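So the sequences go chain by chain: S and W.
End of the first sequence = 423 in the working numbering, gap-free, step of one.
End of the second sequence = 1227 in the working numbering, gap-free, step of one.
Any given hint might turn out to be false.
Claimed, not checked - Straight-line C-alpha distance at most 30 Å; calculated BS3-like pairs for lysine-lysine: (1) S:Lys205 with S:Lys147; (2) S:Lys387 with W:Lys1176; (3) S:Lys300 with W:Lys1039; (4) W:Lys1032 with W:Lys1221; (5) S:Lys251 with S:Lys210; (6) W:Lys1032 with S:Lys125; (7) W:Lys1195 with S:Lys127.
Derived by calculation from the structure, the hints in this document are not laboratory data.
Predicted model, so just to flag it, every value in this text is computed and none were measured.
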Amino acid sequence: MKKRNVYLDHAATTPTDARVVREMKPFFTERFGNPSSFHSAGLNAKNAISRARITIANFIGAHEDEIIFTSGGTESDNLAVIGIPETKFHRDAIKVATGKEIPHVITSGIEHHAVLEPLLAYQKKGKIHLTVLPVDRYGRVSVSELKQSLRPETLLVSIMSANNEIGTIQPIEEIGRAILRWRKSENSPYPLFHTDACQSAGYQKLSVEKMHADLLTFSGSKIYGPKGVGVLYVRRGVRLTPRAIGGGQEKNLRSGTENVPAIVGLAKAVEIVERLREKDSYGLLRLRDMLAEGLLRIPKTILNGHPTERLPNSVNISFMDIEGEAAVLYLDAEGIMTSTGSACASVSLDPSHVIIATGLSYEAAHGSIRFTLGRETTEKEIQYVVKVMPGVVERLREMSPVNLDMKYFSREQESESLEKNII
Amino acid sequence: MNQPIEAAKEDARKGDVVANKREGWFYTDAVKEHFFHPKNFLDHEEGMEDACLGMAGSPACGDAMKVWLRVENGADGIERVKDFKWKTFGCASAIASTSMLSVMVTEGEGMSIEQALALKPQDIMARLGGLPARKVHCSVLGDKALRSAINAYFKKTEQHDRVQVEHGRVIDCVLKITDHDIEEAVLEGADTLEKVQEKTKVGTGDPSCLPEVEQLIRFYKEKYFGA
């Protein structure tokens, strides 16, 4: 079999589209100005950012003054989940209304580290009370459970739109509606609602109105844009305390000279997503299911994430009795690039908190491999992976002394959820 | 790279043998070779019934291994490792370090039991040209599995007085981490719970043991560093 180069790690990052690079290029050299400067070079850069801002605002159904450019998804998430509880106005409002000194924040157990870690650190410091909602075995947050956790002093709810590891799509509009209804019934402006939409931005039509989101994160590096640029949508009237303080750029919410080429590139990437979103999604759905079906034919495997309510590019499978890092490196030797939830492959040496949160054991998390497809993924590539994978699994199982009993991993499938369709 | 163990020994025993490569593959060439072409792994268990079994780690922790050992008296009358086979569940460094261990104990006329008992993880790492720092404590379990197999051999040959008692009391019941592991981590410079966790992963499966771990860290810090 001919060795191929197959990149299946698009949830980590996508290649930057050539059209995006072309759009960015002049802003490194001839159009290099600082948007804050009072001369024509500065104005030129400023106008470019203004145009980009309009494109990006339209992309999520927002006003242009609601778009804050940042250095990426992590910064946007941090700015939202720290910036809101840090704001004295909000803390005072909660205190006046409820008498509670410490505001309450709700999130889920499968959020990205960029949301979970700052919230956990803030909880540790005693600055917030935190509720981490559990998820079901497919990685879905229960809307009724979320409603039950709402308290008068709840200041912020942060739930991701779709998960980066297992691809599960959250009922985000339903969550937004539930929060809105609570606010109306309590006659309160709180809680505010933040969603991290980094993974779904390329595949789902994002509408801050439909989601009733007050804050929304997405970034360039997952949607064929440049790395190092992200967006935080902040609804008009929502006060926020900045993290980066200085020259007052981005409405004083994110000081620092704007990354003009990256912002221009992000706008171009968004334009392309707008055009290709449906085509991408339908095409990938077919390849995704072909890959999942092919891989699940290997004995002792389970699909992680939701069977249908899942991003069209995401397949995450646990291969029992083998360890993920070894499998990823063996696959890499065959030209196939993937990622794993195994502890051994993480800097923290903790297995994937997402897979553990879905109720699977450490063993299953260690053996999980994530395949995330992209715009350029072909049927031939999928066939190649389906051909190569059994050999890799077999080889590692030969070497492995572990022989787990699958009865501990059986998951009865819900027929009703299987019938639903995605996107 | 493949320097003999004696030369590397002194440096190796001083602490972790850490590879700090700036470029190239994720691991050293020796690790790569043993990972993609593992030596002496057991492909079928038939015919191994007479071998002495040893085990270490657990799949929940991320690394587990099982080894099969045969011992014979050499021409000089010394008990030597005749055969050493293994199976490992784990990452590249776990697989490579078990493979390297199997080579080390069987090369030449075979390692004597005394030498084998004295093997340290650092010896294996030195032969591998080092491992990334965070991989050191979880993935090099081969020496533990080897000692467990040698004990099985002592029991089998009724040399009960030679059975090595592994000192240490299990603190983390999920990951089978002992007070001895905590002591080693502290000795290697981990002076906070976070740092000890980085090295040993203690408490990731069973956080209830953490208060005791913190106490042990304080105890060993006082014992060795007087602070």
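**OP:** Would you pick out the hints that fail for this structure and give their numbers low to high?
**Re:** Violated hints (numbers, rising): 2, 4, 6; every other hint is consistent with the structure.
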